[in-house]
Amino acid sequence: MSDNLTLPAPQGTSGTPADALLEVKGLTKHFPIYGGFPIKRRVGAVQAVDGIDLTVGVGESVGLVGESGCGKSTTGRLITRLLEPTAGSITYAGQDITHASRRQIAPVRSEIQMIFQDPYSSLNPRQTVGSIIKSPMEVNGIEPEGGREKKVRELLELVGLNPEHYNRFPHEFSGGQRQRIGVARALALNPKLIVADEPVSALDVSIQAQVVNLLQEVQRELGIAFLFIAHDLAVVRHFSQRVAVMYLGKVVEVGDRESIYNRPRHPYTHALLSAVPEVGVDSEAADRERIRLSGDVPSPIHPPSGCRFRTRCWKAQDKCATEEPPLVQLSGNGDGHLTACHFPEDPTTGSRGDDIVMDPALMAMEEGDTPEA
Amino acid sequence: MTTLTKTEDASAPTGPESFLSVRDLKVQFSTEDGIVKAVDGLSFDVERGKTLGIVGESGSGKSVTNLTILGLHNPRTSTIDGEIVLDGKELVTAGERELERLRGNKMAMIFQDPLTALSPFYTVGRQLSEPFMKHRGASRKEARDRAIQMLEKVGIPQPKVRFDDYPHQFSGGMRQRAMIAMALMCDPELLIADEPTTALDVTVQAQILDLLKDLQQEFGSAIIFITHDLGVISHMADDLLVMYAGRAVERGTVREVLHEPKHPYTWGLLSSMPRLDSDLDQHLTPIPGSPPSLLNPPAGCRFHPRCAFKEEVQGNLCSEVRPPLGDGRAAACHLTAEQKQTIFIDKIQPRLR
Amino acid sequence: MLQFIIRRTVGAVVTLFLIGAVTFFLFVAAPSDYASLACGKDCSPQRLEDIRQALGLNLPITQQFWDFMSGIFVGRDFPTGHCTAPCLGQSFYSGEMVWSTIMDRFPTTLTLTAGGAVVFLVVGVGAGMIAAYRRGSVVDKVATSASMVLSSFQIYLLGPIVLWIFVYSTGWMENPGYVPITQDPWGWFVGMLLPTLVMATIFTAQYTRMARSSMIEQLAEEHVRTARAKGMSRKYVFFRYAWRGALIPIVTVLGIDLSSMLGGAVVTELTFSLQGIGRLAVDGAIHKDLPMTMGVMLFGAFFILIFNILTDIAYAWIDPRVRLS
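Line order of the protein sequences matches chains A, B and C.
For the first sequence, my numbering assigns the number 655 to the initial residue and increments by one for each residue that follows.
For the second sequence, my numbering assigns the number 7 to the initial residue and increments by one for each residue that follows.
For the third sequence, my numbering assigns the number 3 to the initial residue and increments by one for each residue that follows.
These aren't lab readings, by the way, just hints derived from the structure by calculation.
Quick caveat, the model's predicted, so the values are computed rather than measured.
Note that CB positions come from ideal geometry on N, CA and C, so glycine has one too.
Do not take every clue at face value.
SDA-like mimics (lysine to any residue), calculated; alpha carbons at most 20 Å apart, straight line [to be verified]:
(1) K166(B) - P779(A)
(2) K694(A) - V76(C)
(3) K694(A) - L326(C)
(4) K237(C) - S284(B)
Each pair of labels, with its calculated beta carbon distance range [unchecked claim]:
(5) I796(A) - P294(B): 31 to 41 Å
(6) F225(B) - S154(C): 51 to 61 Å
(7) G698(A) - H84(C): 32 to 42 Å
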């Protein structure tokens, strides 16, 4: 029945920017598991990323959200070619870099940079800040005008650090400042795309905003495209123009920020948004739907057949187990708003008549409460 | 400064009915680098059946405070002053034996990361049973029945089977449920939850938060809920205490503190945090700088080096005199009530759209 | 678990074979010819040839290797007689069968190892645990500084001092030596007392430090704190929760120490002039005695592999994460 609701995914329409900088098709990463007796052999695979499509336009910021184990970090590492894809293709500025060798990828590598989550372990403690930021230029043999040291000082200033601190070591800086160093290092080669993997989640709330603002300035003023990977939905909403929601190695919904946050169709997106605890007055909170899933995300070693979310979904039917829903534009969705669901939800996040509570313990207690209330 | 601390002491809330009352608590640790003043003159009350939220960033002293209530600091490296009275019993001076009888019994704790907070060496069932056998003198069989009942209560499927599993065989959310079940084994009257959902995914967090709320209704425990997440706290707490660098800077009901905040630090927290419903063009306004080292904290108001409004206070009050935290609804800030009102309405509220 | 043991045993046998092969070919490839050494200064070509013949050195290397390896399983015939399995060959130097020489010497080394282990596990680990339990107390300070001083000592320094005090200057004790326990239990005890204690002293110091530091590390673990927060007593938490985790590093080092001691406590044996496996290894190397060296080598390697497996089994016993993954 949902079939006649769906339209074929539009190719190259306004939803996916025409001037795509990065294009990912059917990207897959399976980590093999070895075991067995007496001879060790491949007994299975962690299907970390399983056939995702994603586009990042020039200067665009795309958010990638999902819970742990959904494959968002693996995706980032595949795109920066820190991991070798099992299948699929990665096209950067028209060039296929999926399996490019070190030499082939060299010119591209300087244009794609990464910012890591942990500002404590991603900087070499034995190097000065100057040499940390300088090293990408040295590795790539780039000699900027006025010399590398001058460039480093400019970068330090750009990210809001004192250029005088050139010769200091990472441990002399606070967490937020270290993350700024990480940003300066990523900027050293004038990249066109930065993959930021949970860049603020290790930081205190008051510091997070400093780094988010810095990244936003960098993105807007230098025209750098971002793939912003995070689990914090509010931060992703604040930072990204388009957002992709991942679940268990698949993109389940993608679209512009407005569509994803205000008119989500996939039940998982609904559940995710409803789960975010918000600073709100009680009356405001009452306006939002309440969905409580049961249990945790299943193991990516044996993901459910068909739609991977079906084991925790309140709308699941037989079809969901047998047929994997394609990521398509549903009728009623805006351009570029794609959803992979056989039985999509209404495009609203408002409160519904009944809460959806799948959790057995909550169900038991809340039903028990009702007669007394 | 000392005199002002005293005044605060005298004017601190003294509800005779409060179940837990902490007065002028000071916790110091001696380290190789010097003395860390982790908690400096903290007072608060918790009533039966109510939830007090303590919010603060790392190093604010929120976790230290709660380990102090349980008496879990090493007496060799820490100095504790002040009063902690739980249901009429003074805890700071209480002996180890007495504290052992209270811990896990009258007061229990839920820790942040259930993977490291549960022993990898013993089954979940055994770890649940232990406090029940110790405090209630129950037999192994009775403890087992109780543990299975509690595991079921917190939503662990097949509790009879899972009783004999080890923590590493549980998923993250299930481990935290087991941890909650463990804390509730002896029907504690005070439950301290230290960032209980920080290590969890957002959909699992929502399940656990609701579970804790429902359990509180059923068990009627008082809860101290510690977190850095204002969203979580607004969902969970009745009253709220905002801590910064070892001191309480603002106190009130959750509604008061989050909707009419009076302290520049609370303003900073709220305006540096994006929300799902905030205006998309609204720029975040971070708090400049980073939290101070507690080895050598700033004099006067500990927040003054990062405060955007210190110029509005006359003289050197901010850098020299510790602002007192008054009774009930209060903020420890030298700004006058009118100033706070004006700044909030003119400058802060527009940022929170 | 059974599967694990079988897999590891198969692995151990393969490793032993490889060790044997490597040692054998290294030794043969080395630029020294045992026959000409044995022949002496005024050596006639005829005599050299005879020696070669007698030792089997004239056979092709692969044949020599095959003879050696098959001898381990089925025994071997030498001109001087039959060598029953496990036959590790016949010493070039003494003409004795290597296996029986090793078996002669092994009780000495075994006594040292077992006696030493009892002392350093009981005293060393015990002192370390007490020090950790009473961290910062006088007991802790005494234990820490004593172990610091003792572990900087060496057996070849402590040994002669002890000998001088107890044997040469006061004459309270006889010169140490091994007497089989079956012959004279008291003589065995007295004879091995000094060497065992001296060796154990050094190890005790190390085990004290290790046990103390790993207990302290474990006491700082979050799950230990949780157990305290449940109201479990300090003692209970110390012995049930912290101790379990502290066992892992202790077992690891113990496995390495025991296996290397059983393969020959060289320094102790030389210091006290004991005829143990270590002494045998040194002599074999000095005399370029290929069969003896290989025999001792394989014998030592056997213990290393056995203790490796035992250590892994111990891990599985201690830690369910190992057992159930």
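Output the indices of the hints that this structure fails to meet, ascending. 1, 2, 4 and 7
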